[in-house]
Structure formats: structure tokens, C-alpha cells
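There are 4 protein chains.
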Amino acid sequence: MAGSTLGSHFKITTWGESHGKGIGVAIDGCPAGLPLTEADIQEYLDRRKPGQSKFSTQRKEADAVELLSGVFGGKTTGTPISLLVSNKDQRSRDYGDIASYYRPGHADYTFDQKYGFRDYRGGGRSSGRETIGRVAAGAVAAKLLGQLGIAFLTYARSIGPVSIGKTPEELLRGNLPETRREILASPLYMPEPLPCQKAQEFLESCMEKKDSAGGIIECIITGVSAGIGEPVFDKLDANLAKAIFSIGAVKGFEIGDGFAAAAALGSENNDSFGIRDGKPAFSTNHAGGILGGISSGAPIIFRAAIKPTPSIASPQATINKQGEEIEISIHGRHDPVIVPRAVVVVEAMAALTLLDLIMENMGSQLSYLEQLYKN
Amino acid sequence: MAGSTLGSHFKITTWGESHGKGIGVAIDGCPAGLPLTEADIQEYLDRRKPGQSKFSTQRKEADAVELLSGVFGGKTTGTPISLLVSNKDQRSRDYGDIASYYRPGHADYTFDQKYGFRDYRGGGRSSGRETIGRVAAGAVAAKLLGQLGIAFLTYARSIGPVSIGKTPEELLRGNLPETRREILASPLYMPEPLPCQKAQEFLESCMEKKDSAGGIIECIITGVSAGIGEPVFDKLDANLAKAIFSIGAVKGFEIGDGFAAAAALGSENNDSFGIRDGKPAFSTNHAGGILGGISSGAPIIFRAAIKPTPSIASPQATINKQGEEIEISIHGRHDPVIVPRAVVVVEAMAALTLLDLIMENMGSQLSYLEQLYKN
Amino acid sequence: MAGSTLGSHFKITTWGESHGKGIGVAIDGCPAGLPLTEADIQEYLDRRKPGQSKFSTQRKEADAVELLSGVFGGKTTGTPISLLVSNKDQRSRDYGDIASYYRPGHADYTFDQKYGFRDYRGGGRSSGRETIGRVAAGAVAAKLLGQLGIAFLTYARSIGPVSIGKTPEELLRGNLPETRREILASPLYMPEPLPCQKAQEFLESCMEKKDSAGGIIECIITGVSAGIGEPVFDKLDANLAKAIFSIGAVKGFEIGDGFAAAAALGSENNDSFGIRDGKPAFSTNHAGGILGGISSGAPIIFRAAIKPTPSIASPQATINKQGEEIEISIHGRHDPVIVPRAVVVVEAMAALTLLDLIMENMGSQLSYLEQLYKN
Amino acid sequence: MAGSTLGSHFKITTWGESHGKGIGVAIDGCPAGLPLTEADIQEYLDRRKPGQSKFSTQRKEADAVELLSGVFGGKTTGTPISLLVSNKDQRSRDYGDIASYYRPGHADYTFDQKYGFRDYRGGGRSSGRETIGRVAAGAVAAKLLGQLGIAFLTYARSIGPVSIGKTPEELLRGNLPETRREILASPLYMPEPLPCQKAQEFLESCMEKKDSAGGIIECIITGVSAGIGEPVFDKLDANLAKAIFSIGAVKGFEIGDGFAAAAALGSENNDSFGIRDGKPAFSTNHAGGILGGISSGAPIIFRAAIKPTPSIASPQATINKQGEEIEISIHGRHDPVIVPRAVVVVEAMAALTLLDLIMENMGSQLSYLEQLYKN
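Protein chains in written order, with this note's numbering: chain A, 4 to 378; chain B, 4 to 378; chain C, 4 to 378; chain D, 4 to 378.
Hints were generated in silico from the structure; no laboratory data involved.
One or more hints might be untrue.
If chains are identical, the list can't say which one is meant, so a pair holds when it fits in one copy or spans any two.
In silico DSS-like links for lysine-lysine, alpha-carbon gap of 25 Å or less [claimed, not checked]: (1) Lys377 x Lys212; (2) Lys282 x Lys57; (3) Lys91 x Lys24; (4) Lys78 x Lys24; (5) Lys282 x Lys324; (6) Lys169 x Lys201; (7) Lys201 x Lys78; (8) Lys212 x Lys324; (9) Lys91 x Lys78; (10) Lys324 x Lys377; (11) Lys377 x Lys78; (12) Lys377 x Lys146; (13) Lys201 x Lys146.
Turn these sequences into a full structure, and let the hints steer you where they fit.
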């Protein structure tokens, strides 16, 4: 596996390091005929790029994407799509020290143990810049899913101890396009102004204390018809769990009621069925839209817990490569919280996972094959 | 993918339905030379089999395993290991009704939507019996990991609202073999007698109310050296998340401090490094033994949230295949809680995931290849 | 990979040894809704089973298949299909000697080098009995392909120096159902009586000399529409080459004109296009139905070279495990030629490969996805 | 699968079209610690690049490679290696006509059937330029194999009807480094001067007649220890067959005696064992170094049949997109024979396949795992 490839049908392979020549992704398996431009992808990358607010790293990167292959006449050709974002503002001198010691909460030590040495500049492959490949590929997946009527609403549910008040169900009952606009306009990608204001104050206090914060990202997916996901190992929730957990800094994942379901009774947790507008519908959505690993037609709802940024300027105890105990303070350009920029990464990973399983589902019934195969 | 195969190196494919001829698994990629008997596997299956206490289904199944291939002279040969558990006590008559309607909280509706029809007897492929293949294969993985000095401590952390008091760290500081014995002797696989007693009382009240309960399973893995797990998509925590979330009824997964980390400060959540007994060691283990997706050498600690059993005898609203709203009460042989029997399933999935990534790591350094390749 | 799994969509995993408890296969990814019985599979296995003529081993095996999962109400359910053939006539005593030395032309030495030891009884996993799993799975694939209008004509083109006279094109112009019946009725699976008679005489002379023979198997596939196969690595011809070459004893593979094309001129080898019956058609079929790795709509034609059976009763020089040079004569129950029994194995592998790529092709165009996805 | 990814351990994904921005490859799974520079890769690409002789296309491409990731301090880091060759001399105007019709022997028609449309400029993804990604990745694999003592001797065995005289065995008995130099110095990559001269004369006559030629490429691999290759589907010869057959224009593949073995007797074809220099050795090598799909320690020898270049200037019958019969003559910059430039492509594919299986073999014995796993 080696770990930089994801998916079986819409398969992506990402590459690149923080201070190398660039970051990229090759997408193999995108169906032919999807209208696609660099602008489609740039829109997603812009939600991830640094410098959108004072709560993100001051590294200057336009993160402009180049589409190198797989598109002809404005449409995908069915052959691999190669996307490249060149690195422009590498300041490797900031990272000279890192070579010699292991930053707490980072992958420095584990990379050295795994590979014998590491590209220490800006964290190398374990940098947050690695997610550029995910977001670029996710933009293509999301565009394709949009053609099928599938939409995402992804936002920061909480930053540190500050949480929004509305439940996903309440958001779903509101004006979704309007909510989506509010989220994109919010500096923290939060869908409610007051918690967003409080969260900013909390972050300012963190920065003053040379400390950092985490939070929870929530994602709602609408328009997913019933039947997506494979029984047993490639359940829709299992593949989402993997995809989301593969984002650095994620420490928890839950679907629907999640951990709360563990304390509920069966009679409380089951979503009973009924008929609404002539179609099967669930009275509640404790399950988060997935039953037996397969989408039920209800909105899919999941959450990811993001740990606080490990790079902090306050002093920390650690060891160096010689095995001596030392004290360090991390300087350089770091985000006091990565939650806002990680929102689009979560959405991208969800889109990639869902599209892969929708394509997988094409093989589920002989009648589908008979329908498509023209003898 | 199709979903019944897991792993890239130690690769398993499971098959079988609740009321078919049996359940089985083929393991491809088990290294040659591992001593292996049916008894090694039976020991694991016995922790999962029904009828161990009054809190599990009364279906009578010995779940005796047959080893059909891949072992010669008491050792694995390197070729596929096929394991078979025949079904003995299928009472399909209990399930005649199910054919016509969709049970809330079950995969009945989603299977029908996906495949056009389903094997409704006892839930078919979506039955808990499906996990027999996982546990049988996990027993082989766990035996192999044991040869490398890796051990598991898996238990019910909570049943419904009743939780044990000790933290994983406290359990690790105790007498591990003794704790392991206590867990195996406990009817609910809980490591503390008093909460176990309270949980039993809680379950009895659930059964009286024709209701069911869920809970949280915790797993501690010791002896994992630093360097296991792939950066980017095949992170150790990402693959664990998928493996655990692929178990039916899991609704949440977290590593180390998990969701609590989202509300912590960076200074609180980072585990600082020091030297203990001449070797690198962490002062705390908020990370749960994984940094950047790669094992750090500290014990790996994770939790899974299990929803309450969806089969309950109290009346529920649902629809039938004709799209009519009906009310049902589910009878038959069901577990009021599946947490105790799921403990070994979680352990099996963790063992399979970890072994797969340990094998993957063999290719991480050229020096390893030079060491093994005899020209 | 580990090597006992094949396919990405219609994925099979085989297991079992010559003198173990049995041989089997698990098929993951068979679409739901295919009518399937044990008789469908037995028909294929019967073409492979021993004892059909004096030119095959006298081991007595009915090779009766059991269908253990994945079928309900006479149709595939979309979940894994497990097939089992128990071994009945293992005479391991015949193979006691083999443990101590390496038979020329067999995998004895290479298995020992790879795994450190081997299951030597009847060749263990490297026995021809391993192909039972392939044929059983291939029967399911062939049945499904039949539903799509795809048919196979597979036969022995030559045995030793004796070859049939007709070209594939001539066979295609004849009465195909009649030819198929003739092939199935022929003791050597040859479509022409005279060469078949000569080949039998040749084989009798081989047997008298305690020697063995090889031959060439040819396969024609009709009804494959244009567009199947993936550019670059998963070309239809590349995947066929792998599938066929994975059958023990295959030493060569060619498509269309094959090796002869290497000596032809471009003007001779190109198949020009025209219109026949209002549809695009090729004037010739030097390409064997594949252009750029993708089916062209013309019949697919390929050949496999099968080496002579390595087990011969005449004396041979070899070494034992102690590294001493010795002379051996191989007794026991062996086929003087495996070509006739390998015909159905070739057909099975072709069916598996083709179906896998037909399923892969479902994801090639966005319009296909839009057609199947019901929002 | 989608088809642009190959390998399970040393996994490559190629991308790019003839007249797009460039061609590239991402390698995932290269072990850390291999010294690697752009020059290592350029050396391989230079053997493939156009304009080396009058027998190749006059398109001007330096095919200069850029190493974008995965190397730090001159060594591979274990993370993905991204390689890029920008296209410089695209003359798309040459290809305007092709949009409207289907060239015989090309993938024009099959791409249109598969995807609904195609990037017709220079053949798009089905161009010979696609092999740049293979050769670049193969250079890395070959360098790594060189560290293990494995070497390749690859050359044109025949061009059209002109063949070299020496057998592989005779070449192996000669001075290998010297032979390698001769091959690299030969305009047709042939190891014998006289046949090379005759082949050039033959090619000149082809060019005069506006025709083209094919040929046979032979590859010898030395230094492969016994035990490489997986039984059943991932046999070393099966994976080589696929890898080589995935190169456009290959129509046949054989190992050792190949098709000739089909007519031989068992007593002739078996390679008997003996002891030479105190080690097991084979008296002959009819098997081409592979027994039961696993390397035997003898040199690996295989051949690939390459069809004549389909682009010829003499008139050909074909159809256009409107389904009308037309006559065309293909102009532009084409190779009258691709065999010489394909020699390094064959070598690259063999290196990729072999390395992948060598890495796979690391998991074959428990003792290997015990040796590498440091608890």
C-alpha cells in the first residue's frame, strides 16, 4: 500500500513535501465527460490556503493549481488527471534547528524511527501542506458529485470550548444555500456569528499565551441515495472513518449520535421508518444516514475531533537526536488553530470516499451491467 | 473492492451468512513458519460465541472451526489459510416475517435498495455471525503478533451509563496478566467487578423493559515498536479507524484523548519527550501511541462506541415492502447488548490492522531489503 | 498481493492443496441477480476433472462442488460466493519420497527456497489441483458473460508436433455451436478429428517411452463489444497475458498474429476498417480483437503454449535436500499431457479477466454514472 | 483499477498525453535510503528519447526529467517520488485530421468507443510518449536492483526478418559488460554488428516503401536469487507477462523456450539439477529461470514480440467518425520501427515487476519478520 494512494475506482495518489518543489496529485479513474477547469479546483484550494485570517500561518502561498493532464476540450478524458501546486515561499532556514531534535506532538521522531532519517524542512511530508493534494482531488470529486445532486455542508462545530448551538437537523431545516454562504464568509468557517465571535476571542487569548487550540468539524451530506457502501469491510462509515482519520491531527470520528449512542437505549436510538411525501423516510436520524454500512437515503452526518496545533511557542521538554533531554520553543509560521483550514480538507476527503463507493456500487446488480453493456 | 477483503499483506476475505451453510475466511499472505492449530483459533472464537451468559442470544452454536488449508506439519506454509465454521442451529422459521418488512436500526432496507433483494434469514450477510470470519483470522494475526512481543488488553469500558473507574494508564501500571484473566472471567468482559455488577443490573432492567443497551470498548496494545504505520492515507490510526468502524454497530472511534483533545490546549495535549531507562519515553500519552499516523513506541490506546442492539421486543413503527406503515415487535434470539461479545471482535480487527502495517513497514528502508535479500 | 487473489471487481481468492482437505474459492464482487446453481459450476469442473480419458491421471476425484454462500432463492445476492471441492482420493504415501528431493521442472526447489519448507504431498499448492478454484470461479464469470451475449470457443490447437489445420477465422465462419459440441466430445478437446487421432497416437508413443508432451491452447471470444480494457497497465491483452501465464506450465502467450507480427510489415499487419451491414468492421483480424489494449469489437483470439508435463517415469538427474546429486524416476498418477484438461482452465481465466474489465468499464463515462445513480 | 497504476509495493502511477503539458509518474513505496539523482533517471530516458538515429521520429524532445519530491540530501526518503518530463515540441497542427477518422492499427476507434471522445493530438494517452513515465520509474527500480546485485541485458533479438545469431546462453558466456556497451552503442540496440547492419538495410527499404517493421526484444536478468514470485496468480512470469504486454505494440510474450516448449518432450524440456561450485545449479535453462512461477536462481530470459509501427505513409482504407469509408495516408513524425526505443521500456517494466515481487517476498517467512522487527 505504502500509503499515498487512496480509493479503488476514483483513485488518487498524492506526493510532495512542505519545502520541496511542490505538492501534487494524480487522479486515476475519473469518468470521461466531466467539465473541469483549474478554477473549479482553485476554489477549493483557496478555502485551505494560508493567510485567510490572522489565525493562520503567515507563509505566503497563492497555492495556484496547474492542470497537467487528463482534460481535453474542457472535459475530463477518462485518463489520469495530474494536478500540481508549486511551492513558492519555502523558508527552510526557519527549520534548521528541527533537524536535530524531536518536536512534541509532531511526527519528527516517528519518521526518523521509520525511515532512518527525514526531510525535516517544515515537517516534510508530514506537513499540513500535504493536504493540498487531497483538496485538489476532492474538488474534482465534489464537482462530479454535484452533477449527481449531492451537496456538502461542512463547518467548524467547535473551536476549543466554544461550540455552535444549532444541531445538524436545525441547520438542515434552514436555508442551506444561505448557510453555506455564511460559513464561507466566516473567518473560522462557523455557521453562527456569536459562537464565531467568542471563538475568535478564545483564539486570541491562546495566541497571547503562546498556546494553541483544537476543535470539532461537522459535515452534512445531502442527496445521497440509499444503497451506497459495501457490507463488511468497505462500509460507507468505515471508509469515511479511514479517510477522515488519515488527516493529520484528527483524534476522533463519529457518525450520527456517535459516542452518545453508546449510552442510549435501543428504543431511543433506533430511527423508525414511515412514509413521507409518498416515499420511505425516517422519523429521526440518530444513525447519521447509514445502516449496516450502507447509505439509507437520510442525510449523512459525521464529526471529526481535531487536536490543538502541536507547534507552540511556549517552552517544551523534549530530546535531541543524541538522546539528550532539552527544552525548546517553536518559532516560525504556525496556525494557532488548524480547524478552519481543515474544514475543506474534511469535505474533500468525504467527497473522495463517497464518489469511490458510488462507483463501486455500479457493479452491485446484474441489471446495471445489462443496462450499460451494449453488445 | 466489493468489501469482503481487508488488508494488503496479511489479506483476509470473509464469506457467509447467518443461515447459510457456514461462515469462513481465507487468509492470503500469512508468513510461513508460524505454529498454528485449530485450538489457537477456537480460543478466540469461544470469546465471541453465543450463550456465554444470559446477556447473549440463546442460539446454540459451538462455532467449531475447521482448518482446511495452509498448514502442514503444524506450521503455516505461506499459502492461503482457509477456515470454516459450519452453521448448526439455523432456525430460519423465526425469520419468515422479516422478509416482508424493514426492521429499524437494521440493514434490511439498505440491502434491498442496494441489491434489489436480500437473504433475510437472520440478517443474512449483515448478521453479527459475519464477524466469525474476522475473529478466526484475527486469532492467527494475534498469535503471530504474540511471537513479536505484542499483546492486547481489550475490555468493555462501559455498558449503557455504567463505566469502569480506572484509566488505561492505571490498568497498564497494574498486573497485566492478572487483569487479562479477570476480563476473560467477567461475564461482560469488564476489568472491574463493581461496575460489572452494576452493568448486569442495568442490563436486566433493559431486558425487563424489552429494551437493549450499547457501550464502549477500549483496547490497549503493548509492545508495538516505533515506526509502524504509513504517512498520509494508511496511517496506523486511519486503518484502525476503518477496521473498527467496519464492525456493525460501531458509531464512534477515538485514539488517545480522542474527542477530549478537541477542547484541550496545545500545551496540555502535547506529550513531552524524555529519557527513561536510557531510552526515549513520553511523559504522558494523550496521543494514544501514534504520532503523524505512525506508532511512537508508547502503548496504543483506542475506544469504540457501540450502539444498542437494534432488535428489541417493544413495538416499533416501520414500513413493509409494499410501502405501508406498520408496527412490529421483534422476537427471536437476540443479545440485549452486544458489547461483551464484540470485545474480541475489536481485538481481532486491531490485530489484523497492526500486522498488516508491520508487514508493510518491512519495505520502508533499503537496508532492510539488503539484509534479507540473499544474492 | 501474496498471490492468491485476482481481479479488482469480480475478485477471486483461491486456496487449498493437492492432499489437504479440499480446494476452494471465495468470489467477492459478483453482481446480485445472477441465477446460479451448483450444476452451473459442476459442468465446468467436469471438463477439468481427472479420468476423462487414458491421457489423464488415474486419481479418482468426482470434484463435486458445494456452494456455501452468496446465493439465495437461486440467485446471487451480491455477497461473497464460497465454493468448496473436498479432496477424496489423496494417496499421500505415493509422495513420501518427494519430501527429500527436488523434481526437475517442478516447483519443489523454488517453494523450499521461498518458504523454508513445503507441503510436498502431491505438489501441495503448486499441484494442478489448484486450478479447481479458478475453474469454479470461471464458471460463474462465464455464466454471467453468457447473459451479456459473450461466448467462448477454447480448444487444443496442437499436441506436441500435431496441429489442427483450420485457422480461427475458418472456425468462426463455421457452425459454432456444432464446433463447440465436437470439441467437448473430443478426448483431447480438439476441433478436428484427424489431427486428434494423430495426437492420440503421438501421446501413446510418449507414454510408451515414459515421456510426456505439451501443446498449444487457442481461445476465441465472441460478443465482446468495443471499449473493454484500460489504457496503459490494465490493457485487456495485458490482463489476459497475466491471467493465462499464471496457469502453471504456460510458457508463451500471444494475441492475434502474435510472434508472427514481429516479422510482418506495417502494411500487412494493420487491419483496415470498412463498413459491413451498416456497422464499422475490420477487413482482417491480425490484431486479435484488441487495439491499444482495448477491445475493438472483433473476435478476441489468443494462444497459450503449454510445456510438457514435468513428471516423467524415465530417469532424471537431480539433487536432494542434502545437496547430493541423485537419479530419480517419478512414479504415481500423472497426466502424460495436461493440455486437454487445461483447455477449460484457460477459458475460465479468460472469462474472469474479461468480466473484471467489463465491470471496470462501467466507470469510464460520466453519463453511465448519471444513468444508474438515482437521486 | 483504472489502469494507470502498477505494483503493490513499489507502486507507480503514470499520467500525461503526447501533446499535453507533460508526462509524469508518481512512485509510492520506494524504500528510504537509495541514493538517487536526476542523472540516474536521465540515463534511462536518453535510451528512449526520439532522434537517436534516422530510424526514429524527428520530434525534438530532450525529455529532461525533473525530480519533484521524495528525495532529500541525495537519498530517497520513503515518501512518493514525483518525476516530470515537460513536453516541448508539440506540433498539434500535424494531427488536426486525425480527429475526424480512425487510423488502422491505432487506438483511435477504441478510445472513442470507450470514452465517447478522445484527445486525438498525437494519439493522446495512447502515444508512445506514455512510456516516459514507465522508463523514469523503471530507472529508479533498476538502480535499486543494482544495489542488490541484479543486472539486465536487454536488446533487439530481431528486426523484421533479421535476427541475431547468438543464443542468450552464448551471450551469458561472453563478456557481459562489454556486450552491454556494444548494445548501447548500436543504433538498433542489437548485440551483433552484422545482423544490425542488415537490419538497417531492411529498415531503409521499408522507409522507401513507406512501410514499417516490427521485431523481437529479448531480456536477460542475472543475479535474481531463488524464491522470488508468488504461487498462483502473482507468479513472476505472470506479472512479467502483464507488465510487458501492457507496452503498446507487444503481441507476444514467452519465457525460456516459450512456444518451442509446446512441441518438446518432457525429457527434453526439463532442466535437470546438479551441483556446481558447491551450489545447486541447472544443467540447462529451458525454463528461463522460473519454476512454478518462482525464480530458480538461474538467469531469467524472456522475449517480447513487437508489431510493426501502425503509422505508415502508404495509403490505407479506413472510416471516419461519420461512418464513411475513406482512404488515408499518415504523415507526421513517426518511427519506421519502434523496437530500438522499446528496448529500454521492456527493461524498465521488467525492473518494476521484479522489484515489486522482491519486496513482496519480504513477507514470506516469519523468520524475516522476526529479524527486522525490533521490539
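For each hint, the structure was consulted:
Proximity of Lys377 and Lys212 under a CA criterion of 25 Å is satisfied in neither setting, with 67 Å inside one chain copy and 40 Å between copies. In this homomeric assembly, Lys282 and Lys57 never come within 25 Å of each other (Cα to Cα): the closest approach is 48 Å inside a single copy and 40 Å across copies. Proximity of Lys91 and Lys24 under a CA criterion of 25 Å is satisfied in both settings, with 8 Å inside one chain copy and 20 Å between copies. Taking the shortest alpha-carbon separations for Lys78 and Lys24, only the inter-copy value of 16 Å comes in at or below 25 Å, while the best intra-copy value is 28 Å.
In this assembly of identical chains, Lys282 and Lys324 lie within 25 Å of each other by CA distance solely across copies; the values are 12 Å between and 63 Å within a copy. Within a single copy, Lys169 and Lys201 get their C-alpha atoms as close as 15 Å, which meets the 25 Å cut-off; across copies the closest is 35 Å, which misses it. In this assembly of identical chains, Lys201 and Lys78 lie within 25 Å of each other by CA distance neither inside one copy nor across copies; the values are 44 Å within and 48 Å between. Taking CA atoms no more than 25 Å apart as the test, Lys212 paired with Lys324 passes in neither setting, with 29 Å inside one copy and 61 Å between copies.
In the homo-oligomer, the alpha carbons of Lys91 and Lys78 lie at most 25 Å apart only across protomers (23 Å), although the nearest pairing inside one protomer, at 29 Å, exceeds that limit. Within a single copy, Lys324 and Lys377 get their C-alpha atoms only as close as 63 Å, which misses the 25 Å cut-off; across copies the closest is 19 Å, which meets it. Within a single copy, Lys377 and Lys78 get their C-alpha atoms as close as 24 Å, and across copies as close as 23 Å, so both meet the 25 Å cut-off. When the C-alpha separation of Lys377 and Lys146 is checked against a cutoff of 25 Å, the pair qualifies only between copies, where the shortest distance is 17 Å, while the shortest distance within a copy is 28 Å.
Taking the shortest Cα distances, Lys201 and Lys146 never come within 25 Å of each other, neither inside one copy (34 Å) nor across copies (52 Å).
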